[in-house]
Amino acid sequence: MKQTTIPGLIDHELEAQAMSLFQSAKFKEASKLFKKLLHGSDNNAWRQKLAYCYVQRAIGFASKAMYKEALVLWENHIQYAQPPYAAYDQSILWRLLANNQADIQQSLGELSTEQLDKQYPALAAVLGLLILTERAEIVQDLPQDSVFIAHYTIVQTAIQAYQDNHSEKLKDTLKLLPYRSAFRDFRSLLNAIITMDSSLQQAQSLLAKISANSAYFPLANLLHACTKEGAELLQELVHLSHQQRRVIGDIKGLTKRQMEFIEYYCRQQNNLSDKVQFNMTLHFQSLVGTELAQQFCQAMMPRYPAGKKDFDKHFAEASEFEENRINALNCEQDDNLYDAGYYWNLCIRNLEGESADNGFKIALILRHMAAQAPAGDERNDLLIKSLDFDAEDRSSYVQIINYFSYQDGTVKDYKLWLNKALEKFPQDIEVLTLAVKLATGNKTYKKASQYASKILKIDPLNSFAKQTLFSSHMAYARRLMCEKKYLLVAKEIKQLEKLNLGKMYFKQVQLMHALLCFANEDKQQGLQKIIAALRTLHTDPVSMHLDAVLQALLNGLPVSTILRELPSAKECLLSAQELTEFIQQLSRYLNDNYDREYIQKALDKIKAPLKKSIAEQDYTEQLILSLCQVLDKIGHFELLRHCAKTGQIKWKKPIWMYYRIYADHNGEVEEGYSYLEIQRLQNANDQASREKDYPTAILIDTLLDRYFAEHPQQSMGFLEGLLGFDEDQEDEFDDPLEELFGHLPDGVLIDLNKVAESLTKKVTPEKLITSLLQQADGHEGLLMAVMQNPDVFSALMLLKASDELQIDIEVNIYDVIEVFDISESNNPLPFPF
Amino acid sequence: MQTPYEILGLEADANDDEIKQAYLQQVKNNPPDRNQEKFQLIHDAYRSIEDHKSRLKYDLFTIPVANFNTVIDQALHTEQPVALNFQSFKQILTVSIDDANLLSAIAEPEKS
Numbered sequence: 001m002k003q004t005t006i007p008g009l010i011d012h013e014l015e016a017q018a019m020s021l022f023q024s025a026k027f028k029e030a031s032k033l034f035k036k037l038l039h040g041s042d043n044n045a046w047r048q049k050l051a052y053c054y055v056q057r058a059i060g061f062a063s064k065a066m067y068k069e070a071l072v073l074w075e076n077h078i079q080y081a082q083p084p085y086a087a088y089d090q091s092i093l094w095r096l097l098a099n100n101q102a103d104i105q106q107s108l109g110e111l112s113t114e115q116l117d118k119q120y121p122a123l124a125a126v127l128g129l130l131i132l133t134e135r136a137e138i139v140q141d142l143p144q145d146s147v148f149i150a151h152y153t154i155v156q157t158a159i160q161a162y163q164d165n166h167s168e169k170l171k172d173t174l175k176l177l178p179y180r181s182a183f184r185d186f187r188s189l190l191n192a193i194i195t196m197d198s199s200l201q202q203a204q205s206l207l208a209k210i211s212a213n214s215a216y217f218p219l220a221n222l223l224h225a226c227t228k229e230g231a232e233l234l235q236e237l238v239h240l241s242h243q244q245r246r247v248i249g250d251i252k253g254l255t256k257r258q259m260e261f262i263e264y265y266c267r268q269q270n271n272l273s274d275k276v277q278f279n280m281t282l283h284f285q286s287l288v289g290t291e292l293a294q295q296f297c298q299a300m301m302p303r304y305p306a307g308k309k310d311f312d313k314h315f316a317e318a319s320e321f322e323e324n325r326i327n328a329l330n331c332e333q334d335d336n337l338y339d340a341g342y343y344w345n346l347c348i349r350n351l352e353g354e355s356a357d358n359g360f361k362i363a364l365i366l367r368h369m370a371a372q373a374p375a376g377d378e379r380n381d382l383l384i385k386s387l388d389f390d391a392e393d394r395s396s397y398v399q400i401i402n403y404f405s406y407q408d409g410t411v412k413d414y415k416l417w418l419n420k421a422l423e424k425f426p427q428d429i430e431v432l433t434l435a436v437k438l439a440t441g442n443k444t445y446k447k448a449s450q451y452a453s454k455i456l457k458i459d460p461l462n463s464f465a466k467q468t469l470f471s472s473h474m475a476y477a478r479r480l481m482c483e484k485k486y487l488l489v490a491k492e493i494k495q496l497e498k499l500n501l502g503k504m505y506f507k508q509v510q511l512m513h514a515l516l517c518f519a520n521e522d523k524q525q526g527l528q529k530i531i532a533a534l535r536t537l538h539t540d541p542v543s544m545h546l547d548a549v550l551q552a553l554l555n556g557l558p559v560s561t562i563l564r565e566l567p568s569a570k571e572c573l574l575s576a577q578e579l580t581e582f583i584q585q586l587s588r589y590l591n592d593n594y595d596r597e598y599i600q601k602a603l604d605k606i607k608a609p610l611k612k613s614i615a616e617q618d619y620t621e622q623l624i625l626s627l628c629q630v631l632d633k634i635g636h637f638e639l640l641r642h643c644a645k646t647g648q649i650k651w652k653k654p655i656w657m658y659y660r661i662y663a664d665h666n667g668e669v670e671e672g673y674s675y676l677e678i679q680r681l682q683n684a685n686d687q688a689s690r691e692k693d694y695p696t697a698i699l700i701d702t703l704l705d706r707y708f709a710e711h712p713q714q715s716m717g718f719l720e721g722l723l724g725f726d727e728d729q730e731d732e733f734d735d736p737l738e739e740l741f742g743h744l745p746d747g748v749l750i751d752l753n754k755v756a757e758s759l760t761k762k763v764t765p766e767k768l769i770t771s772l773l774q775q776a777d778g779h780e781g782l783l784m785a786v787m788q789n790p791d792v793f794s795a796l797m798l799l800k801a802s803d804e805l806q807i808d809i810e811v812n813i814y815d816v817i818e819v820f821d822i823s824e825s826n827n828p829l830p831f832p833f
Numbered sequence: 001m002q003t004p005y006e007i008l009g010l011e012a013d014a015n016d017d018e019i020k021q022a023y024l025q026q027v028k029n030n031p032p033d034r035n036q037e038k039f040q041l042i043h044d045a046y047r048s049i050e051d052h053k054s055r056l057k058y059d060l061f062t063i064p065v066a067n068f069n070t071v072i073d074q075a076l077h078t079e080q081p082v083a084l085n086f087q088s089f090k091q092i093l094t095v096s097i098d099d100a101n102l103l104s105a106i107a108e109p110e111k112s
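Keeping their order, the protein sequence lines are chains A and B.
Under my numbering, the residues of the first sequence are numbered 1 to 833, in order.
Under my numbering, the residues of the second sequence are numbered 1 to 112, in order.
Hint data in this document are derived by calculation from the structure and do not stem from the laboratory.
Note that the structure is predicted; figures quoted are calculated from it, not measured.
Do not take every clue at face value.
Between beta-carbon pairs, the in silico distance windows are [what the hints assert, rightly or not]: (1) A:171 x B:90: 47 to 55 Å; (2) A:257 x B:63: 29 to 37 Å; (3) B:17 x A:588: 45 to 53 Å; (4) B:24 x A:336: 36 to 44 Å; (5) B:90 x A:211: 21 to 29 Å; (6) A:621 x B:63: 19 to 27 Å; (7) B:24 x A:395: 24 to 32 Å; (8) B:17 x A:239: 42 to 50 Å; (9) A:239 x B:24: 36 to 44 Å.
Far from chain B by the CB rule (all over 12 Å, computed), these chain A residues [stated by the list, open to error]: (10) 113; (11) 161; (12) 252; (13) 617; (14) 698; (15) 705.
Where is the CB? At the ideal position from N, CA and C, for every residue including glycine.
All chains should be built: construct the whole structure from the sequences, respecting the hints.
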């Protein structure tokens, strides 16, 4: 082609532009430029690109069902391309869809056998489907010698067999179609239809094999929908056309009303609000059934309360009980237990009014309410009330007994409910166990033995019962020993031997034997036997001493006589293992309800080696903590103090501060704690919370609660107390400390407070007062005021702290004297002497 | 969420015996060593309705669930099995024809 106006340079720019548009899939614009370029010079690459642009544009038009336009563009592409043409198979389909008969005949007539059978399998599959559905006539235009036509003949035979209901023939015929046939998917679909009668699941898996790219995919989808029921079917139907839904409805045997339901749902599917669901259920009540419709609508009511009127119109008004029940459950779901309780009580009232047979339901509701209620009186009362309506619930009895067992001053109730439970459930191990515990606690060992024996009859391996039985016999034997009824002691020991409980128990029986020998037969021989028995029980002299003292005290025997014969424990240092066993021994004594006073006395005898061991041995923190716990239970505060001091030096956990202060006050709160002690406990509590050491935090909280209950005036924090942040006095300005330091920012006050605290640790109060008095030139009244009013001391301490910090707080000692109204000499002494 | 009755494949008015039989059958079909979670579900379902007392408890303290799917299931319930005779097949074949699908079937031929 002759180049006229576009020089090479412009060609180059045009080409770049065309390529850019081409790559951006702007085929229309690109094709214009390529055409322009080709006007200038013939270039094979440009021709190919232009042809490609035409094809892409043709495909674009076809996708918008503009088949004629697509075909024009495709024809244009031929001018710039060589066979085999791109999208040739598609162009044939476009012709079919454009429905120009002459054109169709021509294009199908040009289709060779090779092309139909091998080159365009997708086209063959589509033509196959069209021949089977709406374009049967085109079969005559196709190459008659093709494999396609041969397979079509097989398919026709299969369809005839299907029409004649010859399923075997149908199956056999389908087998003739090979995998690579254009009718392959049709074969799979017919196989799925055959299988539907016997197994819907198998049919579904056959249908799932049809690829989403297959021309038969929509048919597979429709057949798949046919295999579904109910909500699943509806989910399939919403994606189909109205016509398709009708066909499937016919196949499924759905009624006209059911089809109306489906159509209604399809119209509302994007707006399926609670209201729509509620109204649909009411509207199609004849399909849903009155019972289900009522259930559903009632359950919807909390979400759609506006439906109440319609509900009442369609159904008999919901029973008051049912309404209250649902309200109660909904409140529970919202964690609103208060209102839930209100509705449950209404339910109970409804049930009481309805019939006398509702007792069990009422009992269940009361127990349900109890389970929701926090542990305490309310829960217990509900459980007790529930037994008025159903007295056979063992669990309620157990819960009630357990509740009373942990309360102070409820022994009478505890016994009452335990007796009731024993009467109702005489063979129940849990109830019998509670009875054993009560009897042991009351030191009625015979009773405890009886209950324990009963448990062992039901459960011969019950270790608690074994232990209790043993302990009860032991305790009884000791009591007899104290009463010097030695024959009866011997009888009890025989009973103990008969129990045959194991090695450890046997050793204790041996010790009892030895003690009896010492008390009643031969002192010397008895002593030797005691020592021998203790040696088998313990490996270290400390534990031996402890046991010996305790046994002597419990059996009313002379402690010193027995101790004299034992190896000395004074210099003994317990190993970690020995201390562990020692702690276990103490725990056993506690479990067996040994008199704490006796245990304390026994501990007094061995406190020297114990203290030495704790100070010198390198025990783990956990081991000393275990010892502290058991010493706390025993109430031996001297040893507890020693442990706490050691622990505080060695370790940083807040529990040590707790034990330190707790033991310093012998576990009591009646005597006042110092300000510093309270402060330290509060700091330790904060630390425990920070470190998520909740058991310690609870211990400290409990102690502080006890303390503040005893000393309510000190329940304010130091700074609050200092600045008078009492609610009643908040607006008043009559607190001298407030007057003196109220102007200081909180941060400064906190700093002053910290320094004041550390000063009290470093210097004795006497020295501090002397130094403070010097600042006031020996003001005599000041000393008196410090003694009479702790607030004066606090004020002076804060002054001292400001000196230490070198902060000017605009307050001096004369301000203190003035604000507290301290005169030079006329303050009377606090005592009349 | 399925009710215990649905889990065990029972009607809501099933009696003790029927419930027990259904439970045993379900356990047989879903032993714990095969699917522990499913077994637990079946076991819990059984425990919640095994006798009159537990059923009463279940009825009292179970909040009715407004499950619209249950409504749909009931509304579209049909006793008729899928009957796909030749006429139906022809109908469904005809309505399945979709130009867009035909186009895409050729545009993106399956690679086999």
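Against the structure, the hints:
no. : hint                     : result
1   : A:171 x B:90: 47 to 55 Å : violated (20 Å)
2   : A:257 x B:63: 29 to 37 Å : holds (31 Å)
3   : B:17 x A:588: 45 to 53 Å : holds (52 Å)
4   : B:24 x A:336: 36 to 44 Å : holds (41 Å)
5   : B:90 x A:211: 21 to 29 Å : holds (24 Å)
6   : A:621 x B:63: 19 to 27 Å : violated (50 Å)
7   : B:24 x A:395: 24 to 32 Å : holds (27 Å)
8   : B:17 x A:239: 42 to 50 Å : holds (44 Å)
9   : A:239 x B:24: 36 to 44 Å : holds (41 Å)
10  : 113                      : holds (19 Å)
11  : 161                      : violated (10 Å)
12  : 252                      : violated (6 Å)
13  : 617                      : holds (49 Å)
14  : 698                      : holds (33 Å)
15  : 705                      : holds (36 Å)
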